[in-house]
Each structure stands twice: as C-alpha cells, then as structure tokens.
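Given chain A, work out where chain B should sit, using these hints.
Number of protein chains: 2
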Amino acid sequence: MALKKKPVTGMKDIMPKEMEIRDYLISLIKETYKSYGFISMETPCVEHIENLTSKQGGDNEKLIFKILKRGEKLKLDVAKEESDLVDGGLRYDLTLPLARYYANHMNELPSPFKATQIGSVWRADRPQKGRFRQFTQCDIDILGEGSILSEIELILATTTMLGKIGFSNFTVNINDRNILKAMAVYSGFKDEDFDDVCIILDKLDKIGEEKVAEELCDLGYSTKESDTYLSLFKEVTRDITGIRFLKTKLAGFLDEKTADNLEMIIDSVERAKEAEFSVAFDPTMVRGQSYYTGTIFEIAIEGFGGSVAGGGRYDKMIGKFTGQDTPACGFSIGFERIVMILLESGYEIPTKKEKVAYLLEKGLSDQEIITVLNRGKADREAGKQVLIVYMKKNKRFQKEQLAEEGYEKIIDCYKEN
Amino acid sequence: MALKKKPVTGMKDIMPKEMEIRDYLISLIKETYKSYGFISMETPCVEHIENLTSKQGGDNEKLIFKILKRGEKLKLDVAKEESDLVDGGLRYDLTLPLARYYANHMNELPSPFKATQIGSVWRADRPQKGRFRQFTQCDIDILGEGSILSEIELILATTTMLGKIGFSNFTVNINDRNILKAMAVYSGFKDEDFDDVCIILDKLDKIGEEKVAEELCDLGYSTKESDTYLSLFKEVTRDITGIRFLKTKLAGFLDEKTADNLEMIIDSVERAKEAEFSVAFDPTMVRGQSYYTGTIFEIAIEGFGGSVAGGGRYDKMIGKFTGQDTPACGFSIGFERIVMILLESGYEIPTKKEKVAYLLEKGLSDQEIITVLNRGKADREAGKQVLIVYMKKNKRFQKEQLAEEGYEKIIDCYKEN
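As you go down the protein sequences, you meet chains A and B in turn. For the first sequence, the residue numbers in my numbering are 1 to 417. For the second sequence, the residue numbers in my numbering are 418 to 834.
Treat the hints as calculated values from the structure; they're not laboratory data. This structure is a prediction, so every number in the text was calculated from the model and none was measured. A few of these clues could be false.
Partner residues aside, some chain B positions facing chain A, computed with beta carbon under 8 Å [said to hold, decoys possible]: (1) Val425; (2) Ser444; (3) Lys483; (4) Leu491; (5) Arg517; (6) Pro529; (7) Ala689; (8) Ala692; (9) Lys737.
Glycine included, C-beta positions come from ideal geometry on N, C-alpha and C.
So here's chain A without its partners, still in its complex pose (with noise of 0.2 Å):
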C-alpha cells in the first residue's frame, strides 16, 4: 500500500523559498539578541505532562498533543481515563519549559538570566487558513531582574530586530496590569471579578463601547460602575501625559511607581531606539496569559491587524517551580506572522551570493567532469554559489527554470569529443 503523501493534518511542509526567509530571519534575529547580551538555550520538545496541565498555560492546556507510555508503564487494560495513558507533551510555549530550565539549573546560569529560544511548539488548535499546529516561537527573556531595565532592554531588543528586517513604523503599545486593575477597581468592580472585567475590556476593539458595558452590567453592576469606567477610558491619552493623567486620577488605587515606571519605560526607549517606531501607552491592552503580573507590551503594524510581538512580566511562575518567587519579564515575536508578511511582500533577503550553475553534457569524460568541479571550487572560495547538474533534453527550459531559481550565470559544459 502507498504511504501518505500528505503531513499531518494542520502541520505544513516548509517549502524552500519560505525556508530561505526563516534562515535569514533566524540568523537575524540570533545575531541581534546577542548583540544585546542574550544567551541562546533550548528545552526538549517534550514535556512532563503534569508540567503542562499546572494551569499555567490557560487555554493552551486544551490543546495539548500528548504521547503515550512507553513499554511496561502502558497498561492498557487497566487505565480508565487519557490521563492514564500518557507521561508527556508537545510544548505548547517556550515560557513553561523556560522557567523549568531555570529552576533546575539556576545555580549554573549567569544573573540575570538573559535568554533567547527558537524553537517549534504544538497546539491541537482547529485547523484554519494561516494557522498550523507546529509553528515557531522566538522568546527572550530576561530572568532575575526586578527592574524596568529588563523591560526596556527586551523592547530595544526586539524592536531593533524588527527594524533590521525593514519594518518600521510600527507601534509599541504598553499598559501595565497593575493600571488595568487599578481602573477596575476605581470604577467600582470588586477584585473577585477582575479576570472578568479584563475578558469583557479585551472585547472592546471588536464589539464596542456599548457591548462592553452590557456585558459589564451582566457581571451583576449596574450602569454607574460601567459609564465611570469606560469614560476613564476615554479621557486618557495615549502617551506619557495620559500615564500621568492616571497617577492623580486613580491615587489611593494605583501604585505611583507604576505609572512612573512606565514613563521611564516609554521616555527611555524613546530615546535610545535603534528602528523607527513609537511607543504608546495603551490603557485598553489586556494580553490574555493570565501569568502576567505587571507590564504588557505589543507591537502593532500599520495595516497588519493583531500584534507582531507580545510580553510582559511574569514575576509569578518560576515559584511554581522552585517555592520561591523570581522576577521575570519576556518579548516574543511572532515568528510565523513576520515570515508571512515577509513572504507576501516578496521580501529579497540581503544576504544573497551569487550563483552559478554549470550544466553537464551527458557522456562528459571523467577528467572533464573534474575540472568542472574545479571550478565550481573556485567560484565556491571566490565567494559564489555552485550548482552542478547534467543538461536535460530540453535545455531551454531548464535554464529557465534555473534562472526563476536565482541562477544568473549558466554555464554549459560540452564534451570535447
């Protein structure tokens, strides 16, 4: 019987015009996160399956590929439920292993811990145009480091990365979730229901002022709760000014050094940017890893719906490791998003060598075969690319074909007798 052609369902073959980009891409993006001090680390694809089902993943637990006992530890006949069946799991992110890396391995690594992993994850999502259950995720992380340093060296980081590719223009948006809550609970929700408010805030580009404050009356308040907070909403300006605008405003609620960080934050990396883009603060920016603790940052390209990259602080889940709490604060691209936009806009890599392709006469002697691949030697140390094939029947074509392929220069090669 023929085996199966195709790759599994939702996962992709990556051909090689798209592969030349994430090359480039990752070779980029190594280079630039080392430039600042980044140290590249990897975990297994595998992952204890109690690490992946400790909540710290939301949604993303739903979605696990799991692998099933090996050998004895498979008893089939007696396990009852899924969970009896299997020790371990695709990763769905780089941020859990990362944070079991370094729990176990802490004492080894400098401090902070600047990190960065390229690696491919795995979500048993709906299969949907654009989106496959293996995609590449590209993390740094700063670990160790309670202070907005971290903050503004992941952004400069990442942002510069982005401006080598050619982007510019874009948008870094950040909010804090200590300002998100502090709205909250200014306005009048109780903390219980703060995950809540969140959701329903996280909606409001897509459903409205209005949907927002009904479904903030069905969390059982009334109108007052929902008009004092969306028009906190609207008075706020999208920079600095509104930062400060909100320390006076919600004193008694917000933490003054939040807002003021956040000032550093967006002054600093203003100021010290190597790509063209702005910062702004956005108060309505939710992110939704319920692991965040403090800031929250996206970047937003013009005419791109949805974020390019996306992080914040995660102060919180490295004590699930070790009993004892380590700030920590991560940016991830998105890794899969720049490669389509890259590929769509017929983006050329600069890295490009020249390339040769030499084609050989069927029946070439063996001497006259070897003094092509002498050339193709030399081209090689002068710096070219070399491809050496045989001539086809239809040479025109194959030229053609070479030439779509990059080849500029063809060179045929007959035999002398």
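Relative to chain A, chain B alone:
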C-alpha cells in the same frame, strides 16, 4: 505542589556554552551546503503513524514516541490495542519525511532536488551516557539524480563543512552494497542469506575473523564458503587497486560499472576536495539501514570510535510513496557527536565579537540610565556585544563571573551625586 524541574527522561536541556557551539555549527552547515547548491527545507516533527511504521526505519520503528488521538477520535472505551489510540508519532529520522515531502511536492521542486535538513528526531532508546532521546540530525540529499555526481557532491560538501570546523586527517570510507552482494554470492552464499551475511560481517571489527567464520557456518554453510569469503577481504587493498582487483576477481558476479563508479568517486573526490582528508575503499563496511541500494559511505576520525557521518544511495524509498522509483542519495552528519567533540576539545567559535559589560550602580537617575543605553547602542553599532546589568553587592565576584563569560571590558557606571 511544585512542578517537575528536570527534563523528561532521556532528553536534555541545552546549556548556553553548548548552545553557542550548536548555533555556530548550524550556521556554518547551512552556509556551506548552500554554497554547493543545496536548498533548505523542513517537515513537521509529527508524522503519520502509518508512515513511521511502514518498515522503512528498521529497528527505529520500535522506538517511536507515539501521539494520542485527540477529541472524539480517541475512543478509549473501545480501544483494544495501542494502534487504536494513536494517529501520529515523532519522526525517528529525516529521511522518511524527506521522501514523503518529495513525493508530495515533486512538481514544485527543482530537479534534481538538492535538500538540506537540520532538525530534531526522537527515539525512545534506553537512556545511556551521551545518547539522548531527542537529538539533532543534519542531512543533505540529492533526489532525482541517478549518476555518481550525487555521491561526489555529497562527499565534497560534507567534507568541506568538516574542514571548516577544523577537522582534518579524517577518512571517508566508501563501499557499495552490490560489491558486498557480489562477494557473498562469489563465495557461495545464497541471495536470500545476504542480509544475514551482512549482519555478521558488520561485526568483524568487534568480534574478529574467527567468530565471524563461526557465525557464517551457523547459517548452514561449510567452512569453504566462509574461508573463501574471509580470504577475499584479506586480498583486497583499501584503495582503487582493491576495487580493480575485485572488478576482475568478481567478473560475472559484479557489474563492472559498479567498480568503475566507485573508482571515479574516489578519484574525483581526491582531486576536487576542499579539506584535508583521504578516501578509502572499505569492502567490510555494511551500514545498518536496509533501505540502501548502492553506494554507502562513512567518515571516521582518527581517535574517535565510530563514525561522524554516514550515508548512501536509496533508490527505492520514494517509490513507496509515489509508486515510481526515484534515484536518491544522502549524507547525514553525526551532529551531536561533532558538538560533543568540539565541546570537549574546548573549541572556540571563530566569529566571537568583543563583549562589553556596563555595571549600573543602584540609584542611577533616569537620565544616567538613558546615557548608558546610548553608549550600548553605539557599541553595538561598532560591532560589539553589550550587556547592561545592575552592580551587585559583591562586585568583585560579579566581575570574575563576567570575565568567565567572556566580557573583557567591564565598565562601572556610578551615579553623579
């Protein structure tokens, strides 16, 4: 409850020092193979369980990490055996997925298709020192080219890459399964015993001639066959002369073209090589994988047991997917072995940048911090790698550690007042 800190059994966290070598090696490999006209490609880590258990992978098929069906497809209550529970598995090599990829995308790919793949593979082997259940493979393959141009280019590209990381005086050993077969048949072994004869011959290095002779007799042959067989190996020199000797000796058993091809491969590699190494004919080399159909080759380095690369021709695999045989030949380097050799020999990657660290005194003003950020920016623009961290109480120890991490310039930044 605290989460698990250790990686899953048999898999490893990769530490920064090793990671630096891996990153460098991967970029060097990609660059070198690209200069030989190989194209980067990737398949998902998860494959159809049907493909993984189709007898293309030999013993590796016993070591598959299997993935549980999800949602409604998982019917635990009616599942009778393991295969009812799973629909995918983690790939155990890169060759089978490559064959699937080629079968799936043949019409969109150049012909011949010269592919580079670097990726993780998984085998649930018994954990042992230095061997892990997730490891990186790094393959080049040429699909759709039946001539020995494939073998020559695969060997040249691989050895060039090894030369670039400083390996020299290694040996490329080469053989052909058709020579193995002709020698066996010439000696009186039957066709149907060929695989068993090979398995025994493969142990020659380990168990010696006497034991091999014994085991051959155990197959039901007299000492005549084993004597003829083993004395053949003694007569053959490990060079082109040996190949010519066999061409005459095995006349009627061996296609002359096979001997001529081997001779041409050795000759042209010797005369077009870009690194320092030798090429030898090794008539005792078997290589495990049953899918090989012609030439087989390995690279051995003096002082390191086992091989650091291996490959060969497998003209029958793609036909399992397409119904039509396609010539194919590949060479895989032992990525993990090479990393270990480099790591243990204290290899220093040659592309290191100057590393500068700024130590910030606690309490620096916002303006002072921004000034340091801008000094870092200027350093990066000058090609340096910059770390900005807060000064610790034990500054001397901190500086020692930074020096160990390679920061040769460490700048104290004190507050002005």
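_In rising order, the numbers of the hints this structure does not comply with_ = Hint check: 8 fails alone, others pass.
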